[in-house]
Amino acid sequence: MAPSRAFTRLAAHRRVLGVVGRQYQLQRPYYSYDHPPPPGPFNQTEHAILSAAYTHVPEHGFTQHALSLGARDAGYLDISTAVLPDGPFSLIQYHLITKRQALAPKSRAIFNALDAAPGDGAKGQTMKIDDRVERLAWERLLSNADVIHRWQQALAVMAQPSHVPASLRELALLADEIYHLSGDGAVDPSWYTKRGTVSTAYVGAELFMTNDRSPGFAQTREFLQRRLEESSKVGNALGGVAQWMEFTAVAGVNILRSKGMRI
Amino acid sequence: MAARPVLRTAVRAVRVLPQSGPSRSCSSSRHVRLFSTTPRSFKSPSDHATSTSSSTDRTTHFGFEDGISEAEKTERVAGVFHSVAESYDRMNDLMSFGVHRLWKDHFVSSLNPGSSSSIPPKPQHILDIAGGTGDIAFRMLHNAHTIHRNTSVHVTISDINPSMLAVGKQRSLSLPPSQQSALSFLPADATALPASILPNSIDLYTVAFGIRNFANIPLALREAYRVLKPGGVFACLEFSKVENPVLDAVYKRWSFSGIPLIGQLVAGDRDSYQYLVESIERFPSQGEFRDMIVDAGFVVGGDGYENLTGGVAAIHKGMKPLDG
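These protein sequence lines map, in sequence, to chains S and H.
Position 245 of the first sequence, counted from 1, bears residue number 245 in full-length UniProt numbering, the numbering being contiguous throughout.
Position 196 of the second sequence, counted from 1, bears residue number 196 in full-length UniProt numbering, the numbering being contiguous throughout.
None of these hints come from the bench; they were simulated from the model.
Predicted model only: the values in this text are computed from it and were never measured.
Note that CB positions come from ideal geometry on N, CA and C, so glycine has one too.
Careful: at least some of the hints might be erroneous.
Facing chain S, from chain H, some residues (calculated, C-beta under 10 Å) [said to hold, decoys possible]: (1) S110; (2) G114; (3) S117; (4) P121; (5) H145; (6) T146; (7) R149; (8) Y225; (9) V233; (10) D295; (11) A296; (12) F298; (13) L308; (14) T309; (15) K317; (16) L322.
From the derived model, a few chain S residues whose C-beta atoms are all more than 10 Å from chain H [to be verified]: (17) G185; (18) S190; (19) V234.
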């Protein structure tokens, strides 16, 4: 494909931006900096009701009651919550989406702090991608801490058949966000396995966390680290198995050919 | 269809007569509304003369016929509905395989009237437009009184046709007395609601399988906007467009061949059910109708609609903004 005009213009744009532009290169290259970001999933009204309702979640859970209380706090009527397309599930989505979006500024703060830390400089940049992924997944888990005693209820709602596609999509976006923020730009088939791995580990750790009573959720972090480690081991093993199968298949075909079969 | 002009003449003749009560004559029933039997015939005395005075000039459509004046549509949609109640439930069950009950249940439970965060609960006033037979209103009372134990919910059933309201009244007699006392009946034209419904006084405005037959839908939406409280919700259950092409082909075949046939066999009235399927076909798609709701000033959440049974029917909801 010939370099498109848009790409050329983007490159020119970066040159003009100079130093700031160089920072941008760390971000997704398919982002457009010439257009405003697409509107968020919630409009102003939904945001007003949901953000007010979210403050009632620790006490009342992800329920219709919390929504009604939120609507009242925001100056709406009891019936106004009917306009939210999925009722309590909208509240869960609000949690998932706001916490995912909060991950980007958090990750900048974390890695900048590591860079600035005394000792060997630029530690944040030399950190391995796997370690960054673990750090970010842990950061995302920590942001569940305020509502963790209500999270089993939320998981039950998310597992309802009509909500499963939206929940899985949100999980996929989270995995994507974690890999993007960790600076991984690989576009080979491992794209899928990486995201699958971090999704599985994250979901398992989240479930573990709902029953974790250890101070600072230390056991959850150990659990997360074990899962990520295991899956990288499994990934290596699977790679070995695939290599072995490929070799065997080729050898089998060659044996058949040597017997005179036209393959 | 040779009998059609004859039938129409007969209907016109009947229409002139003053109608005192439910007529049993099937031949006089020309146009039947599916699922909610609320013809738009009688102009109630109202203060909104501006909206009715010009309705003779503007044109609209009636089924696949174009160039009908709004007044004539109002009159023709009305036809004679009084005999409908008898075959109403049977016809709806046959045509939708009973699914219309599930749609209505889902519609009401998704609105969840009567749920309140305050103790004692705040009173709610619900206006059920085109709700003559009480299908939606009774479900809402059940939801509020039985599920939420909230007796401060009042439902006004409004319909343009007094005889349909009489059917609803008759049916409401089997409700518990507490629910009966929370009901009131109001004959009114949805495009010009009477002064007894104050502006900014309604919590929830519902219309189920009725808005398709309104002579002027944008006007009815603006009227809904006017009477709703800021934060109040407009909710509409209506036939819509099937999005899956395979299901759509089956559905079209059923609606254009099956439904008129059933109408002929069961209700003895093919033309009415022919109008019914034509009016469904003419009704705007989910997205277009959502845009009409937004144009009237409402805010919608998410897509603004929810498809039922793959889009055979759809629920549209809109909220009057606080600064509205």
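Going through the hints against the structure:
About 7 Å separates the beta-carbon of H:S110 from the nearest beta-carbon of chain S, less than 10 Å, and the hint is met. Contact between H:G114 and chain S, as hinted, is supported at the beta carbon level, the nearest pair being about 9 Å apart and thus within 10 Å. Given the 10 Å rule on beta carbons, the hint for H:S117 holds: about 4 Å separates it from the nearest Cβ of chain S. Taking 10 Å as the C-beta cut-off, the interface hint given for H:P121 holds, the closest approach to chain S being about 8 Å.
About 15 Å separates the beta-carbon of H:H145 from the nearest beta-carbon of chain S, more than 10 Å, and the hint is not met. Hint on H:T146 is violated. Least Cβ distance to chain S is approximately 16 Å, over the 10 Å limit. Taking 10 Å as the C-beta cut-off, the interface hint given for H:R149 is violated, the closest approach to chain S being about 14 Å. Restraint check, H:Y225 versus chain S: the minimum CB separation of about 14 Å is more than 10 Å; hint violated.
A cut of 10 Å between beta carbons decides the hint on H:V233: the least distance to chain S is about 5 Å, and the hint holds. The beta carbon of H:D295 is not positioned within 10 Å of any beta carbon in chain S (closest approach about 16 Å), and the interface hint is therefore violated. Hint status for H:A296 relative to chain S: violated, with the closest Cβ pair at about 14 Å, above 10 Å. Hint status for H:F298: holds, given a least beta-carbon distance of 9 Å to chain S, under 10 Å.
Checking H:L308 against chain S by beta carbon gives a least distance of about 12 Å; that is not within 10 Å, so the hint is violated. Residue-level restraint check for H:T309 is violated (minimum Cβ-Cβ distance to chain S is 14 Å; threshold 10 Å). Look at H:K317: its Cβ gets to within about 5 Å of chain S, closer than 10 Å, so that hint holds up. A cut of 10 Å between beta carbons decides the hint on H:L322: the least distance to chain S is about 6 Å, and the hint holds.
The Cβ of S:G185 sits about 33 Å from the closest Cβ of chain H, beyond the 10 Å cut-off, so the non-interface label holds. At roughly 35 Å, the least C-beta separation between S:S190 and chain H is larger than 10 Å, which holds for a residue marked as non-interface. The non-interface label for S:V234 is consistent with chain H: the shortest C-beta to C-beta separation is roughly 39 Å, beyond 10 Å.
Going through the hint list in order, the structure does not satisfy hints 5, 6, 7, 8, 10, 11, 13, 14.
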